[in-house]
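Under full-length UniProt numbering, the sequence shown has 81 at position 81, and the numbering climbs by one with no breaks.
Hints listed in this document are in silico derivations from the structure and should not be mistaken for laboratory results.
Each hint should be verified, as a subset may be incorrect.
Said to hold, decoys possible - Label-pair restraints from in silico Cβ distances: (1) Tyr68 - Glu111: 14 to 24 Å; (2) Thr2 - Gly210: 21 to 31 Å; (3) Ala166 - Gly60: 39 to 49 Å; (4) Ser226 - Glu111: 16 to 26 Å.
Backbone N, C-alpha and C fix where the C-beta goes; we use that ideal spot for every residue, glycine too.
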Amino acid sequence: MTIASDHHFPRHSHDGFGIGVLSFGAQRSWSGIGAVEAGPGDVIMVNPGEIHDGMPFDGGVRGWRMLYLDPALMAAELADETAAEIEIVRPVARDPRLAGAFHHAFARLTEPGAEPLAREEALVGTLAHLLRRHIVKPPRGPEPSPGVARARKRLDEAPELPASLAELAALSGTTRFGLLRGFVREVGITPHAYLVQARVRLARRLIARGLPPAEAALASGFCDQSHLTRAFVRQFGITPGRYRAALG
1 MTIASDHHFP RHSHDGFGIG VLSFGAQRSW SGIGAVEAGP GDVIMVNPGE IHDGMPFDGG
61 VRGWRMLYLD PALMAAELAD ETAAEIEIVR PVARDPRLAG AFHHAFARLT EPGAEPLARE
121 EALVGTLAHL LRRHIVKPPR GPEPSPGVAR ARKRLDEAPE LPASLAELAA LSGTTRFGLL
181 RGFVREVGIT PHAYLVQARV RLARRLIARG LPPAEAALAS GFCDQSHLTR AFVRQFGITP
241 GRYRAALG
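Please put together the full structure from these sequences, using the hints given.
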């Protein structure tokens, strides 16, 4: 994915590991370790499910290239059953070797007619450098509260279904106020914002499988395509139609 934008992305998350390089401009973002800044040539990274945002530094346009990697792919490369517990250490890194490996992999993966072996080698080479320098198995921190975990599980498993604070609070064994306060404290966004993002990610998967945006909107819980489009642009910076066209 190649993007140039002055868009301010609200707090959101992705299903997979994200790795990219900022081509020009500068960006400030909120991450799991606090506020960070990235400039041209910096590698930008994010873990699956990690809440983050992004805004241009000083309001200008910034451009970047990004790849999103299936956690199962990372687990396969690690050949380790504990791979699901690993995480990228820093959301921004100045690492010219990794940036070079990324650009090489991105070119191979987006080059029409590129040999499968060349694509695979370029991607695995990037992963090898990423795994050596920027991924760790972190020590266990505080366990998330069971109530918030149950609420997130419900929203993750069926984002297309309507939800209410009363339903989520009942699942969590608390009051609506208690659920809302705990969810924002632990996750970083409200349950509704989390639900909308889960629906957008579901719609993106459906579009990638060939479903037209209008049908993907309804199947993922949006009342119509226009609501999906607004949420899609806020989260990814492009429309569902452009995303579908980019898939070829």
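Hints, verified against the model:
no., hint, in the structure
1, Tyr68 - Glu111: 14 to 24 Å, "holds (18 Å)"
2, Thr2 - Gly210: 21 to 31 Å, "holds (22 Å)"
3, Ala166 - Gly60: 39 to 49 Å, "holds (44 Å)"
4, Ser226 - Glu111: 16 to 26 Å, "violated (35 Å)"
Checked against the numbered hints given earlier, the structure breaks only hint 4 and satisfies all the rest.
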